[in-house]
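Take the given structure of chain H and dock chain L to it, following the hints.
There are 2 protein chains.
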Amino acid sequence: MPRSFEEKLALYAKLAVRLGVNVQPGQELIISADINDAPFARLATAEAYKVGAKNVTVFYSDEVNILTRYREGSREAIEYTAGWFIDGMARAMEENACRLVVHGGNPALLKQVDPELVRIASKAQAIATQKLAAFIGNFTINWNIVASVSPEWARMVFPGESDEVAMAKLWDAIFQCSHVDTEDPLKSWQDHCDELAKRKDWLNNLNFYSLHFKGPGTDLEIGLAENNRFIGGWGQARNGVRCAPNIPTEEVFGMPHRLRVNGVVSSTKPLSLRGQIVDKIQVEFKDGVAVKAKAEQGESTLIGLLDTDESARRLGEVALVPNSAAVSRTGLLFFNTLYDENAACHIAFGRCIGENMTGYENLSPEQRLAAGANESAVHVDWMIGSGEIDIDGVHKDGSRVPLMRSGEWASA
Amino acid sequence: MPRSFEEKLALYAKLAVRLGVNVQPGQELIISADINDAPFARLATAEAYKVGAKNVTVFYSDEVNILTRYREGSREAIEYTAGWFIDGMARAMEENACRLVVHGGNPALLKQVDPELVRIASKAQAIATQKLAAFIGNFTINWNIVASVSPEWARMVFPGESDEVAMAKLWDAIFQCSHVDTEDPLKSWQDHCDELAKRKDWLNNLNFYSLHFKGPGTDLEIGLAENNRFIGGWGQARNGVRCAPNIPTEEVFGMPHRLRVNGVVSSTKPLSLRGQIVDKIQVEFKDGVAVKAKAEQGESTLIGLLDTDESARRLGEVALVPNSAAVSRTGLLFFNTLYDENAACHIAFGRCIGENMTGYENLSPEQRLAAGANESAVHVDWMIGSGEIDIDGVHKDGSRVPLMRSGEWASA
Chain H
1434 MPRSFEEKLA
1444 LYAKLAVRLG
1454 VNVQPGQELI
1464 ISADINDAPF
1474 ARLATAEAYK
1484 VGAKNVTVFY
1494 SDEVNILTRY
1504 REGSREAIEY
1514 TAGWFIDGMA
1524 RAMEENACRL
1534 VVHGGNPALL
1544 KQVDPELVRI
1554 ASKAQAIATQ
1564 KLAAFIGNFT
1574 INWNIVASVS
1584 PEWARMVFPG
1594 ESDEVAMAKL
1604 WDAIFQCSHV
1614 DTEDPLKSWQ
1624 DHCDELAKRK
1634 DWLNNLNFYS
1644 LHFKGPGTDL
1654 EIGLAENNRF
1664 IGGWGQARNG
1674 VRCAPNIPTE
1684 EVFGMPHRLR
1694 VNGVVSSTKP
1704 LSLRGQIVDK
1714 IQVEFKDGVA
1724 VKAKAEQGES
1734 TLIGLLDTDE
1744 SARRLGEVAL
1754 VPNSAAVSRT
1764 GLLFFNTLYD
1774 ENAACHIAFG
1784 RCIGENMTGY
1794 ENLSPEQRLA
1804 AGANESAVHV
1814 DWMIGSGEID
1824 IDGVHKDGSR
1834 VPLMRSGEWA
1844 SA
Chain L
1434 MPRSFEEKLA
1444 LYAKLAVRLG
1454 VNVQPGQELI
1464 ISADINDAPF
1474 ARLATAEAYK
1484 VGAKNVTVFY
1494 SDEVNILTRY
1504 REGSREAIEY
1514 TAGWFIDGMA
1524 RAMEENACRL
1534 VVHGGNPALL
1544 KQVDPELVRI
1554 ASKAQAIATQ
1564 KLAAFIGNFT
1574 INWNIVASVS
1584 PEWARMVFPG
1594 ESDEVAMAKL
1604 WDAIFQCSHV
1614 DTEDPLKSWQ
1624 DHCDELAKRK
1634 DWLNNLNFYS
1644 LHFKGPGTDL
1654 EIGLAENNRF
1664 IGGWGQARNG
1674 VRCAPNIPTE
1684 EVFGMPHRLR
1694 VNGVVSSTKP
1704 LSLRGQIVDK
1714 IQVEFKDGVA
1724 VKAKAEQGES
1734 TLIGLLDTDE
1744 SARRLGEVAL
1754 VPNSAAVSRT
1764 GLLFFNTLYD
1774 ENAACHIAFG
1784 RCIGENMTGY
1794 ENLSPEQRLA
1804 AGANESAVHV
1814 DWMIGSGEID
1824 IDGVHKDGSR
1834 VPLMRSGEWA
1844 SA
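For the record, the sequence lines run as chains H and L. The first sequence: position 253 = 1686 (this note's numbering), numbered continuously. The second sequence: position 246 = 1679 (this note's numbering), numbered continuously.
With the rest of the complex left out, here is chain H (with noise of 0.2 Å):
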């Protein structure tokens, strides 16, 4: 009999808190949701309790208020962070509080509001949390980020449907890519982060130098970092617990080296990014740095982004996605980063996931710079893959092996 969608968002839930977030017994969660999302926030709390969770404690965001900031709020309000809320937030993932984070909203909910106001909002924000920010980056803790529909959201991915028929669809794709229309969602799952896992390791053996990507409005060598290590599936939190950090996930993901990237880049996919669309990107990097970007739309919105910190135009994340893979393979735009991201090969600008580098944890800020670390305010990802990109695998030697040949493994 096939399941209600009480039963799959039930499924969803567990899923996210027992695998993806892999709460423990006696762990604290806390999870960010929006007030609509109350349902699967409900849901949620309750299976980490049945796990044995110490304490759940949901902060729920309310876009209205949001909104609500710019329109009504001074310039001091524009610019302020909450320090006392960023530094209890800091202290329960030091007492190892996990995290689930539900991603879903409006991806165009500051369309009316000035650019500039969201810029100034967005890089205090960024820099004024970046510690917390940290904390997800390095996997000091089990985490996990997963996605909740909203009509906003539902009605950009199917335009012209109803709400009603809109979310259905929307949530419909979600549970596909998240397994959850599988007989056994958890064993699925287990099964693909598990394949993920094989597809890293075999890229970690090729230990290469750099990673070339070419397609339409693409020629771009991305360094890679020392002691580069490639992740995918599975995250392993120093906290001793390993997680699912993202539902869906199909990326292999590494370092690339802060100074060593060169070329042409074109995105492939628009970018849902400080409430704007950013479509059409293209940029230009010289040793590591992006000295020229534009955009078709939303430009003032990335490059405001770009300009967060010194080393916003650099790169945190290189990551290969197949295109066959299964958020792809619904043939949607999600116009948000957790979907996209994973339907296509990507990079990100700013701050680089410290776990990608084997030893990171060692090393003082100097030596991260020096082994090619970036460290920014900011961690945005941008889509560059699609069905007409070949990427190569180079040695330091300047040898080659095709990794991917019209955005498909060349080998298995």
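One or more hints might be untrue.
Since the list gives no way to pick one copy over another, a pair counts as held whenever it fits inside one copy or between any two copies.
Unchecked claim - Straight line, CA to CA, 25 Å or less: simulated DSS-like cross-link-like pairs of lysine-lysine:
#1 1829 with 1647
#2 1719 with 1544
#3 1713 with 1620
#4 1544 with 1647
#5 1556 with 1483
#6 1633 with 1620
#7 1564 with 1602
#8 1544 with 1483
#9 1564 with 1447
Hints are computed from structural coordinates only; laboratory data are not their basis. Keep in mind the model is a prediction, meaning the values are calculated, not measured.
Frame of chain H, contents of chain L only:
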């Protein structure tokens, strides 16, 4: 033209933010509200930003998750309190954040939960959050508590009505008691608080040693603490901001002496306590301590409260409310302390309100105790007034002044 519901709700939010909390330009505001109260919380957020608040944080609680914790949580979870969150809130108020608490929800939420679990959780929470309560009780910062209607609450007040009708009727009662139905609600509220302030000045000038309550099932002498100061209408916060801490408010309240309460007293209205209804309470006091306490309904919840700590059986507040005040005139039983306490004289078990003692802030903990101030993790008001209560003010020499007769002020 009569105002729409939306117009009234907006005026109510304006009243709460501008006269209730009295949010100052550049001040931070923290709102606590249930997710069902989002319409009000959003209006209050907008109003605070219009006033010039530098930040508004809304912490949305979710009654479903509160119940889930009791149903699925381990014993560890039931007893746990999040120190990182409590300390974060304390720091915000140290940094002068003001507070707006939206009080509503289901008065009998925890009716089906094991009362022993509720007792354990409530005690742990009360003790852990004592320092947060002190910011409020001592008026360190400006604050306000205001109500918002939930369907469960409306059904209790108007049983037999449809949710829609019950909610509309309860909102009407709230708007009436809050002066939102007057031509100029802010002016009317200001006048009302000024009236209460005159009454407390009159009482303070009389400088009583104790108050004597007499009525059916009640013969209680409540000694007043040294340097007792009656408060009414406005609250003068230590950060220099004058707020109206309760909407509605009809009370003038003072500080009982922790050692000088003697006699018997009976409740006159049910009390919503820890998600349960406690009704027909009878208490005998000896030298300040409730030596006997019983209730026809919810007795174990009451006893659980009194056993929180050694001072929970002593009094922290005595409040005078005429039986003809606006809340009482509605003729409704609200099952909500914010309302029912403003329809009847009441007393509170537990913690005193520091502002009720002149010079309290300059006294050591020992000096406060010696002056009669009661300190406890709890502060729970319960109603002992009615149209059948007489109250005398008693001077140290035994001379008496009639304060109330049959529940009404004996003099203007």
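Here is what the structure says about each hint:
no. : hint           : result
1   : 1829 with 1647 : within (19 Å within a copy, 94 Å between copies)
2   : 1719 with 1544 : neither (32 Å within a copy, 66 Å between copies)
3   : 1713 with 1620 : neither (38 Å within a copy, 56 Å between copies)
4   : 1544 with 1647 : neither (33 Å within a copy, 65 Å between copies)
5   : 1556 with 1483 : between (39 Å within a copy, 23 Å between copies)
6   : 1633 with 1620 : within (20 Å within a copy, 69 Å between copies)
7   : 1564 with 1602 : neither (37 Å within a copy, 49 Å between copies)
8   : 1544 with 1483 : between (40 Å within a copy, 22 Å between copies)
9   : 1564 with 1447 : neither (29 Å within a copy, 37 Å between copies)
The structure does not agree with the numbered hints 2, 3, 4, 7, 9 stated previously, though it agrees with the rest.
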